[in-house]
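**Q** The lines below spell out each chain.
Protein chains: 4
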Amino acid sequence: MRSLYNRVAGQNLERLAALSDGVFAVAMTLLVLDLRAPAAETIHSEHDLLTALLALAPRLVTYLMSFLTLGIFWLGQQAQLDRLERSDRDLAWIHIAFLCAVTLVPFSTALLAEHIAYRVALIVYWVNILLLGLLLLWTWRHAVRAKLIRDDTAPDVVAAICRRIIIAQALYAFGAALCVVNSYWSIAFIVLIQINYAVAPPWPSRR
Amino acid sequence: MRSLYNRVAGQNLERLAALSDGVFAVAMTLLVLDLRAPAAETIHSEHDLLTALLALAPRLVTYLMSFLTLGIFWLGQQAQLDRLERSDRDLAWIHIAFLCAVTLVPFSTALLAEHIAYRVALIVYWVNILLLGLLLLWTWRHAVRAKLIRDDTAPDVVAAICRRIIIAQALYAFGAALCVVNSYWSIAFIVLIQINYAVAPPWPSRR
Amino acid sequence: MRSLYNRVAGQNLERLAALSDGVFAVAMTLLVLDLRAPAAETIHSEHDLLTALLALAPRLVTYLMSFLTLGIFWLGQQAQLDRLERSDRDLAWIHIAFLCAVTLVPFSTALLAEHIAYRVALIVYWVNILLLGLLLLWTWRHAVRAKLIRDDTAPDVVAAICRRIIIAQALYAFGAALCVVNSYWSIAFIVLIQINYAVAPPWPSRR
Amino acid sequence: MRSLYNRVAGQNLERLAALSDGVFAVAMTLLVLDLRAPAAETIHSEHDLLTALLALAPRLVTYLMSFLTLGIFWLGQQAQLDRLERSDRDLAWIHIAFLCAVTLVPFSTALLAEHIAYRVALIVYWVNILLLGLLLLWTWRHAVRAKLIRDDTAPDVVAAICRRIIIAQALYAFGAALCVVNSYWSIAFIVLIQINYAVAPPWPSRR
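Heads up: the protein sequence lines correspond to chains L, P, S and A, in order.
My numbering applies: residue 1 is where the first sequence begins, and numbers increase by one.
My numbering applies: residue 1001 is where the second sequence begins, and numbers increase by one.
My numbering applies: residue 2001 is where the third sequence begins, and numbers increase by one.
My numbering applies: residue 3001 is where the fourth sequence begins, and numbers increase by one.
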């Protein structure tokens, strides 16, 4: 039996959505703090500056990869919250845990940018993506179980959202496993998955 | 007697909620700035990187503890604002003072992470939580006194919200007092309280 | 004659309010970055840590002063936007200029915190407050002239908002002028004005 | 044929607007982090402090220029989203890419502030503005093609928004090209264009 407070708290979906948008917006913008302009003392010609900028390329790649990650998961949680009729306290807490994983993205991105050749950095990055996926799946499962979903949601949409997360996570896990070969292979594969999800080419699909 | 301006200002609950969501979102994301990726110069092998990451563990604990704190108080203020019919200037100012205490959380977290063994750091952290609780209680008391609460709010909900804050603060105070023994005991106890509030196990409760 | 684009742009009051809430939320939270936890290497006892924290006191004063400033001007712009029926492109731009002055507050606060005894720092801080006041006054004057204000707004509310800004700015200017004596006098006086506006004691007032 | 998930995701215009407002708010406020208060150790008199502040002038110019840029593009995307009836997944992704270009503005601003005399820095800054313009144009073109625009939008408004972006980008490109002479000429010209768009003087215009 739940206490009275717990039945009152966490019911406002708009507030939860607003908190999410805020956390995503800050996390997306903090990513750029890893792109530091080269210091004036080290630059003595146009050529120096160009070289220094080209040296930033790996950081730009991890930056874009993380922006894609955040974009994909922003769309994911937005699609979920849109389908909800109401929230409850547990859903609010699972979603806050999801936002916690979102705020870790700037850290795991900085780690990967600084140590792009090391497998440990890649595994940490992948664990972050895995956490995002699991928490999103948990949110959805809880919403189904607690009957928080809007009545006009077709059962195949409910299933499509679950399937989507599981397939994506399987692909990410395969990408991460590629680091047995080389961590650059992993990054390349993960970026390809992400671009596929962002561009969403009209592959022939069963549905 | 209040001046005309003071009767006009601070009446918009949606704007107050939006400011709160923004402050919480930024504070939650700034917490992660304390988790700094180890510099590339100091790392020469996978093993070095793993060791450096494990050395971040205490910071990760304070990070998660503070995220829990912010989550708990975000839910607290959201549950309160949801019950209000309208706002007034005084409520807006008490809430802004509450947000001020929220912005101090990244500072007191960084202090605790840097000096985890010192009691002074723990006391500062606890004072921050105490301030959050007192200001939340003050908001609610003012809302009751100034008749800002929605008519459909049962009197036992009004009491439940007060009781909730007072019990939680009593537990936090006990946790902080444990630092007479050792500041790690305090941290462990405070984290347990927070997890209890977040997970909200269905203890048999009177209501 | 205005171009077609200029007649279409900037009409959404909710978006302008959301941008404002975001900028205020970030500025309020960035203020705390000036409160840096003392580094672990410099602290060897509870007493060291306490001394180091007490040395942060001037920064805490400027932090609280700036939080009060941002709170006062957040309430000011919120009270104005609440009274508007609609927006236009010019109002949007004046408000964006106001937000630009808001984002300067963390800078002028850091400057004052670092150089609290210097008049130049105090004058910069005051110019920032002056800019905020002038831009708020300009927003309101433009709203009156362009008939953007809601019909149910009594003429004395229109006048009260103008009067409020002008009186406050006169007091701030007097406070800043006190730096001829000593910049601490200025700060004390400005803090007193701000607390007066925040607490809004029920002085007998003509209206 | 689109998968079911892709037909469900990205339809919420309010959430997209909220994410945009958050990203713009953070980017606008992060700009100020480049304005660093001079360190206390280097300042020994009022005159020292004044000199140090005057030395910040170039950074203040790039700061204001970038704030203008962000203001112009915030108004641009707000005017577009306001005209939409609904969103789809592709529009959401194009808009997220636009927000990615927005988060790069603090980086390219810092680069220009640090290396104001170098053409490379200016070209990077211009590429950032170009990206913003192209993505805004792409959003609009997609909205037209996918029939996402509100029915009450006159065809000349649709055309006016496109024309506006193209003319502005032509002017920016000319400004950037001026760096063949000198990068200060470019900056001066770009600032003039921006002030023109912000102030929007009532030139006689065909429409």
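Simulated from the structure, these hints should not be mistaken for lab results.
C-beta atoms are modelled at their ideal positions from N, C-alpha and C, and glycine is treated no differently.
Incorrect hints may have been included.
Sample of chain L residues at the chain A side, in silico, Cβ under 8 angstroms [what the hints assert, rightly or not]:
1) 17
2) 24
3) 25
4) 32
5) 37
6) 49
7) 58
8) 78
9) 146
10) 148
11) 151
**Q** A separate judgement is required for each hint: does it hold in the structure or not?
**A** Verification of the supplied hints:
For residue 17(L), the interface hint holds, since its Cβ comes within 8 angstroms of a Cβ in chain A; the closest pair sits about 6 angstroms apart. At about 6 angstroms, the closest approach between the beta carbon of residue 24(L) and any beta carbon in chain A falls short of 8 angstroms, and the interface hint on this residue holds. Annotation: residue 25(L) was flagged as interfacial toward chain A, and the flag holds, the nearest CB pair being 3 angstroms apart, inside 8 angstroms. The interface hint given for residue 32(L) is met, as the beta carbon of that residue sits about 5 angstroms from the closest beta carbon of chain A, less than 8 angstroms.
Annotation: residue 37(L) was flagged as interfacial toward chain A, and the flag holds, the nearest CB pair being 4 angstroms apart, inside 8 angstroms. Given hint, residue 49(L) at the interface with chain A, holds; its Cβ is 5 angstroms from that chain's nearest Cβ, closer than 8 angstroms. Below 8 angstroms, beta-carbon pairs count as interface contacts, and residue 58(L) has none with chain A, the closest being about 15 angstroms; its hint is therefore violated. Because the smallest distance between the Cβ of residue 78(L) and any Cβ of chain A comes to about 5 angstroms, under 8 angstroms, the interface hint for this residue holds.
Taken as an interface hint, residue 146(L) does not check out: its beta carbon lies about 20 angstroms from the nearest beta carbon of chain A, beyond 8 angstroms. Below 8 angstroms, beta-carbon pairs count as interface contacts, and residue 148(L) has none with chain A, the closest being about 16 angstroms; its hint is therefore violated. Residue-level restraint check for residue 151(L) is violated (minimum Cβ-Cβ distance to chain A is 16 angstroms; threshold 8 angstroms).
Taken one by one, the earlier hints fail for this structure at numbers 7, 9, 10, 11, listed in ascending order.
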